[in-house]
Structures are given as C-alpha cells and as structure tokens.
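Please put together the full structure from these sequences, using the hints given.
Those protein sequence lines, which keep their order, are chains S and D. Using my numbering, you'd call the opening residue of the first sequence number 3 and step up by one each time. Using my numbering, you'd call the opening residue of the second sequence number 324 and step up by one each time.
Derived from the structure by calculation, the hints contain no laboratory data. There could be a bad hint or two in this list.
Below, a list of computed lysine-lysine pairs in the BS3-like style, where the Cα atoms sit at most 30 Å apart [unchecked claim]: (1) S:159 with S:94; (2) S:53 with D:394; (3) D:394 with S:81; (4) D:391 with S:69; (5) D:338 with S:15; (6) S:286 with D:338; (7) D:367 with S:69; (8) S:122 with S:69; (9) D:338 with S:81; (10) D:338 with S:38; (11) D:367 with S:81; (12) D:338 with S:44; (13) S:286 with S:246; (14) S:38 with S:6; (15) S:81 with D:327; (16) S:69 with D:338; (17) S:15 with S:44; (18) D:394 with S:69; (19) D:338 with D:394; (20) S:69 with S:38; (21) S:246 with D:338; (22) S:6 with S:122; (23) D:338 with D:327; (24) S:121 with S:81; (25) S:38 with D:394; (26) S:81 with D:391.
Far from chain D, by Cβ distances over 10 Å, these chain S residues were calculated [claimed, not checked]: (27) 11; (28) 100; (29) 111; (30) 180; (31) 214; (32) 216; (33) 264; (34) 269.
Label-pair restraints from in silico Cβ distances [stated by the list, open to error]: (35) D:354 with S:305: 44 to 54 Å; (36) D:354 with S:167: 14 to 24 Å; (37) S:142 with D:382: 19 to 29 Å; (38) D:428 with S:44: 41 to 51 Å.
Cβ atoms here follow ideal geometry from the backbone N, Cα and C, with glycine treated the same way.
Given next are the chains, with one letter for each unit.
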Amino acid sequence: MGGKVTCTLGEVKNRADLIVYWGGNPAECHPRHFTKYTLTQKGKFVPNGRKDRTMILVDIRETPSAKAADLFLQVRPSKDFEVLTTLRAIIKGQRIHAETVAETGLTLEQLQDFAERLKKARFGVLFFGMGLSMTRGKHMNSAALLALAAELNAFTKFVAMPMRGHGNVTGGDVVMRWTTGYPFGVNLSRGYPRFNPGEFSTVDLLLRGDNDAALILGADPGATMPQPAIDHLARIPTIVLDPKVTHTSRLARVHITTAATGISAPGTVYRMDEIPLPLRPALKSPYPTDEDVVRRIYQAVAKKPAWLPAGKGRRNTEAN
Amino acid sequence: MASKRFIMNAGRTSKQGQQINVGKDHAEYQGIVSTLTMHPDDMKALNISPGAAVCVRSEYGEAVFQCKEGKVPAGMVFVPYGPPTCRLMGGGTEGTGMPTSKNWEVEIEPITSESK
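Written out as structure tokens, the structure is:
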C-alpha cells in the first residue's frame, strides 16, 4: 500500500477529536502546534477546544510533550514498527499473543485500548516525527503508520501528517515535486530528472565523493550531516548562501550573506500540510535575496561557453 | 575507568532552537550541543558527577560531552543535534537518502584526570 491519507491543519483545528503524536516532541520542536491547530483551539466541530479533544503521545522517552498528553505510551527504542503492525492486526481482528507484544515495552491491553480509541474517534490524526522516520526501519515505519491511518478509514475518518523539521523543508519537497515529479534525491545531469534515493541523495553523493562542487542554500549540513560528508564538503569548492554564518560557512570557500526570507525578503513558505503562505518583508536588508544571488550566478554561467564537446552538448540538442 | 553501553537518542530542544537565532558561534550554543542527559542511576553506576566530561564512542567516531542528570529512561542518553553528534553518526542511508539519526549504540566512559 502506498500514499498518504491527509488533510490540512485547518481541518485538524475544526474537526479532530483524537490527536496522536508518534515519535515527535511538538512542545519543544513545534511550540505553536498545540495552540494553533491541534489541542487548545476551539473548532467548528470541537467547540470546547481542549475538552473535546484527546491527545495520545507515543515515544521512547517522556519528553515535555507528555505533560500535554491524556495518555503517554512509552515504546522501547526501535520497536515502533512492531507496535504499528500489532495495532493494524488488532484493528483487523487478528489474534495477538501477549508475549510477542511484551518486547515492544507495551502490554496487549494497552494496545487494545489504543486501537479501540483510534476506532472510536470521530476524526483522528496521526502526526509522526523523526522518532519514527529516522530510527531503525525508517521509511518502513512511516509506511506502516500511513497504512494504519488508511485502514482506520474503514471505521472512522483518519488522516496522517509528518511533523516536518526546519523552516520550509516542505516547500523544498513540494517545489521539487511539481517541477521534476520527485521530492528529493533528483539528478538533472542528463537534462531530465532521475530519482534514486541512496544514489542521488545529498548524504550519499557526499559520502562517495561523487560531486566536485556544492551550492548550499539555507541549510547547515556542517552541523547536521555525518562527519565524512562534512569532510567532503570541506575538500571541494562549497558555496553557502545564508543570512547567518553557519558551521558550513566556516568550511566553505565562499559564503554569501543573504536577506532573511519573511523578515527582509519576500517569498513563499509551505506549511507542513503543504499549504503555500506568502511572506511579506517587515524590514529592509542591505543584503540580496537568495533568488537574486542564484539568478545572478545563473546569468553569469549562461554567458560561459558550453563545457561539453561540440556535437554532444546542450546547444546541439537544442538545435535539433 | 569502566565504560557502559547506552542507546543514544539525538534530537532538538527549544533552547537550541532559540539559540540558533542568536548564532551558532556563541558559547551557549556550543554548550547546548555538547551536553548529554543521562538517567541519575546510570550516572551513579559510572561514578559521574553532574557537569563532568564523558567520552562517547560509536562505531563511527567519538566526541566529548558534559553530562547532566535528566528524565530519560535508564540505559538511554539524550543529546541535541550538533557538530559533536555529527562525529558519532554513521553515513549509510540504506537507500533512503537519510542516515540513521537516532538510537545509536554508543559506549560512554567518564573522563578522569588520569584519562586526560
């Protein structure tokens, strides 16, 4: 099964009476989530706000988000897939042995109660974070959760949504999708998009040393990626565009300071439910916008002669 | 000095998020990403006092952190992402494009004046 049954955060605000956060810590990482969309807001079909909603938190440790939860389920590390699969089996009425459930850190009774709450919701949401998608199992964990959300629609309305990380990371995915058909890990070197995570994704390219230059826009891989990938960025000509000096700026050959989007530069940001929001700058900046810098680099590169040998280059293709 | 194996859970904190807007060069940010939270019983077992330095080794590298007591399950430690966690992270993505960013197996050893 593939795909994602989802909705907008506006629908969550107006309709959701069961909120599940799985492998995420919104109290610290998305501090406005509870108050803007999921818990305390009064919605059209949840007029009493927090009183009309139930929140369940699933995580491997008791984070500050647990204080806001009605029910906290502490799963053993790397056992999320087993818990999700067991929930799917319970919902389908299959037999489960209590001893096989014990390794997850939860009891069969806890999971049966959880499954019952999921089925009885009027409108349920499964929000999932990096605690699910970046641990052992990775995309298979996400797929199991998305399948659970889809299967719950046999009983009630249920949706799922990833808790996206840094500002506008959703925008990167969405724009790549509507321009190339793929969300990330896209190779355009042949003049058309090819998608292959593990081969064309950034960390893999850097680790293998496949690329001989890098342009980093609004990201700080020098503080987030594995050390061998960082070491490769330091070896090759790396150019960073960022409003601030970052760890990546320190290892780059060139750092270009740009205006901060949303503060001193206009633009569009995508919310985690993929709704585009226009940004109007409140202040002026002496620095150019990212868009200005990229456009000027593009224009300068376009003036250079084609690097491919005559007869094999882009110009020849265009002439045909 | 004895060492012990732990599950290292890296993540983000709100203090870290606030500090990013001040600047990653500040000592406060460096302090946040170099502080490891451990269960009090584990600290006693390893004879680590609050604020003491520990050496964390993974399959891929090692880094030094300051240790503090906190609300984590026994056998697990929590650290905010940053340059020290980059040194512990493996590069393999298993075809997904993303390295495993949480739940690494690590070995933690207190740093004493002898080991310095």
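Going through the hints against the structure:
no., hint, result
1, S:159 with S:94, "16 Å, holds"
2, S:53 with D:394, "28 Å, holds"
3, D:394 with S:81, "20 Å, holds"
4, D:391 with S:69, "21 Å, holds"
5, D:338 with S:15, "27 Å, holds"
6, S:286 with D:338, "28 Å, holds"
7, D:367 with S:69, "27 Å, holds"
8, S:122 with S:69, "24 Å, holds"
9, D:338 with S:81, "29 Å, holds"
10, D:338 with S:38, "21 Å, holds"
11, D:367 with S:81, "28 Å, holds"
12, D:338 with S:44, "29 Å, holds"
13, S:286 with S:246, "16 Å, holds"
14, S:38 with S:6, "23 Å, holds"
15, S:81 with D:327, "22 Å, holds"
16, S:69 with D:338, "18 Å, holds"
17, S:15 with S:44, "7 Å, holds"
18, D:394 with S:69, "13 Å, holds"
19, D:338 with D:394, "16 Å, holds"
20, S:69 with S:38, "18 Å, holds"
21, S:246 with D:338, "18 Å, holds"
22, S:6 with S:122, "21 Å, holds"
23, D:338 with D:327, "29 Å, holds"
24, S:121 with S:81, "22 Å, holds"
25, S:38 with D:394, "27 Å, holds"
26, S:81 with D:391, "27 Å, holds"
27, 11, "20 Å, holds"
28, 100, "22 Å, holds"
29, 111, "21 Å, holds"
30, 180, "19 Å, holds"
31, 214, "19 Å, holds"
32, 216, "16 Å, holds"
33, 264, "13 Å, holds"
34, 269, "18 Å, holds"
35, D:354 with S:305: 44 to 54 Å, "48 Å, holds"
36, D:354 with S:167: 14 to 24 Å, "22 Å, holds"
37, S:142 with D:382: 19 to 29 Å, "22 Å, holds"
38, D:428 with S:44: 41 to 51 Å, "46 Å, holds"
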